[in-house]
Amino acid sequence: MNLTVKEITTLTDGRTNGIYEIAITGAAGLDEAGPTDISFIANPKYASKVANSKAGLIFITDEFKTNKPAIIVKNPQLAFAKVLTVLAEDILPDYKPLIHQQACVSKSAKIAPGVHIGPFVVIEDNVQVGEDTVIVANTFIGSNTKIGANSLIYPNVTIRENIIIGQRAIIHPGVVIGGDGFGFVGAKKHFKIPQIGTVEIGDDVEIGSNCAIDRATIGKTKIGSGTKIDNMVHFAHNVIVGENCIICGQSGIAGSAKIGDYVTMAAQSGITGHVSVGDNTIVAARAAVIGDVRPNQIVSGFPARPHREAMKVEALIRKLPDLFEKIKILTQKVNK
Amino acid sequence: MNLTVKEITTLTDGRTNGIYEIAITGAAGLDEAGPTDISFIANPKYASKVANSKAGLIFITDEFKTNKPAIIVKNPQLAFAKVLTVLAEDILPDYKPLIHQQACVSKSAKIAPGVHIGPFVVIEDNVQVGEDTVIVANTFIGSNTKIGANSLIYPNVTIRENIIIGQRAIIHPGVVIGGDGFGFVGAKKHFKIPQIGTVEIGDDVEIGSNCAIDRATIGKTKIGSGTKIDNMVHFAHNVIVGENCIICGQSGIAGSAKIGDYVTMAAQSGITGHVSVGDNTIVAARAAVIGDVRPNQIVSGFPARPHREAMKVEALIRKLPDLFEKIKILTQKVNK
Amino acid sequence: MNLTVKEITTLTDGRTNGIYEIAITGAAGLDEAGPTDISFIANPKYASKVANSKAGLIFITDEFKTNKPAIIVKNPQLAFAKVLTVLAEDILPDYKPLIHQQACVSKSAKIAPGVHIGPFVVIEDNVQVGEDTVIVANTFIGSNTKIGANSLIYPNVTIRENIIIGQRAIIHPGVVIGGDGFGFVGAKKHFKIPQIGTVEIGDDVEIGSNCAIDRATIGKTKIGSGTKIDNMVHFAHNVIVGENCIICGQSGIAGSAKIGDYVTMAAQSGITGHVSVGDNTIVAARAAVIGDVRPNQIVSGFPARPHREAMKVEALIRKLPDLFEKIKILTQKVNK
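Chains as they are written, first to last, in the numbering used here: chain A, 23 to 358; chain B, 23 to 358; chain C, 23 to 358.
Calculated from the structure, these hints are not laboratory results. As the structure is a prediction and not an experimental result, all values here were calculated from the model. Possibly wrong hints are sitting among the right ones.
The list treats identical chains as interchangeable, and a pair is accepted whether it falls inside one copy or across any two copies.
[Stated by the list, open to error] In silico lysine-lysine, DSSO-like type, Cα no more than 27 Å apart, as pairs:
1. 96 <-> 67
2. 280 <-> 242
3. 350 <-> 334
4. 132 <-> 118
5. 28 <-> 87
6. 250 <-> 214
7. 250 <-> 280
8. 118 <-> 168
9. 214 <-> 280
10. 211 <-> 250
11. 250 <-> 118
12. 129 <-> 118
13. 348 <-> 358
14. 168 <-> 129
15. 71 <-> 90
16. 87 <-> 67
17. 96 <-> 71
18. 118 <-> 214
19. 242 <-> 71
20. 67 <-> 214
21. 168 <-> 132
22. 334 <-> 348
23. 355 <-> 341
Kindly generate the complete structure, drawing on both the sequences and the hints.
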């Protein structure tokens, strides 16, 4: 695909710092870009990379000065992502409307126009699939589940019965939605508590490879609209996650925990059961939250504390060898 | 489904605190329950919730006093779970005996009566599947593997060759049983040690979504009867787990570790290779066991220590800022 | 299968400590081995086990003295693994060349001679599969992906489009290769950054059950030849892992991190984004690397530090109860 400078400025609501006739065919980082690639600078500390870059065009902000061919935009990374979205059309597979003859689709399922159902997909009774949704291959959708329009469901996904998923969902391979919550009663013999609740997922939610989102014991496990989830994340039964959260890889949330909107959980973090985490809070990588956290906090460590406090304690821990030495000397002085 | 008070008292071995004519059609927590729902109180600290609940019936213990319609039972949560089990019959899918025409079942496989084998299931040579077992869809069962009666195997599961699984197993989606153990020899080129052992799983075992249970190098990886495993748990080769254990989400056990009966591993915990953990021991969330642990212990932290000791150290770590300040003052005094 | 002593010495480049006529039919650890089994001793501290072992033959080194029937080799564990490789031929499934009639293979795919493609495998357009490669069942290979010769791909694997995998790969069940990297732009609404890069995997790479290896945003996520990866490992977009690394279970590497050759990551460890880890470095279990690490280091803890330093701090942390007591006494003395 060729993009003209004109097309790019229109797409990104930008303006050039000169008049250029360049056909952009690719996109790359400043170090890797060639003369037909577009690149971007998001952080002024990489200014020297701009000077050395062979990129044909560079997205910059108004404050950034360069005499290289550039397009001035508000958010260079966002502009770059928009160009990638156009370039991606040539690269990403294009699944046409189709119900593959090697799929197994119940007669009672309601499949909207434009849907692609690939080989070895199972669609059970009374499933609803919205317009233009793509279900690539080898995926299972259990009875009565509803999937919104314009969603993309990759191979080897399992979505069990009675689940609701909104529009524009992206569900990566190996994801399990609606597996039983982990609930037993009895100290010795573990009697299974049937998990008869569901999972309700809003619009524009993305769920990374091999995640597991358990169904509620009763009621709903919920994921708010706009929330993005990285690979191998575990949400237990009755977890409530708000809107526009970012949940990074290998994190986990235990049963009935409630997470607000715009919460970030960095990689390998955890939240214990039945706690509340307020809006806009950031849980640092590896942090483990074991109590309620107010909104707008940054917490880190295990048990998670306000990040500044955790950092101070961490710094003091590193000074322990010094401290022990000091006290030895002090004790000797006092004893004299 | 409608349950009468009579049916519920019979089912749960309970008695009412009055005479009631209520048709129970659902079940819910005290806060969410309505007049046709049953609920329960397991912990007296939630007594005020009983007062405010709109539940039609509430399971209570003999000690708990209320003038709301209630059923007195020994274990309210267990009674509640039993009612859920009955209600679930209407909600959970009912897979009838069937070998789906889009399945791929070896002629040498022994499939007992009442078995359901759904679409795109692969059953290799000499597999044995016990009576009334359900294999939902898109699941692979390797040659010579035996699965006991009344088991439930969800979609996209992989059970490799020569594995033994007992009766009433529940295997959630995406589980891998019998993948190769992680064994190599040679410091530079890593020569693969063939993994020719198996996995042996007892009765009444439940394995959560996307778990991986590796086969033994030689001999057996074992999971004892009644053990319940949450999502994304990793058991390495030759791990031995006892009976009636509870292994919570995202935990892992390294090669040849041996875990007793009634052991609890809380979420995101780990056990290193070749160690022993005694019966009834609790490994706290995020704890990492790096040496043998005797029976009946609670251990926490990394490296895992007796919980009381770990808590004490943790409390002192939080006092470090104070301590450093104190020592500064003390040093000044001494120097004067 | 029967192996003669002659066949075993030839296979392992060893010599016997006597003249024996034993038919070896199995292999086992020293404790479990019987008179037709071969075993090995890798560590002299287990010498007493040799004395008590019922093994028919034992691999030993030149330094080790025993009057039991033994084969002297350079590396007993490697010799043992070689025997296992031969014995495994009888035990491991043998997938013959075949394109199963229940597979779904694009006409434009190039399938080399000797390939096995099992039931419910999807092979999209322009895929290339090298000679004698086995794709067991229920696996998805996206368009334009190339898989080298003599590879083994287990069931329920997803390999997306435009991926390159070398020769002799072993991909365990549930693995996802080429899922989207986790990239968004915008603080509030998360605009998806299209992930148009690929994954390039060298020769002799093994990837454990339920791992997820994300594709690059632009360019390549790379795994060098000879690297072995355990279960449930997560590599984010644009991660570069060198050759002959060992990455243990439940570890994760964040975006754009670069790992050298011969690096070991022990279980449940993590590496943050955009850092570099030098050749031959060992990251201990549970360690979390948050900055660059030079070659030939051992690092542990969170944040990861040189292991000796981390151990010292850890030892002092355990002495905190003592320290607080000492300071209490010291303060009393000074105040007097």
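Hints not upheld, ascending by number: none
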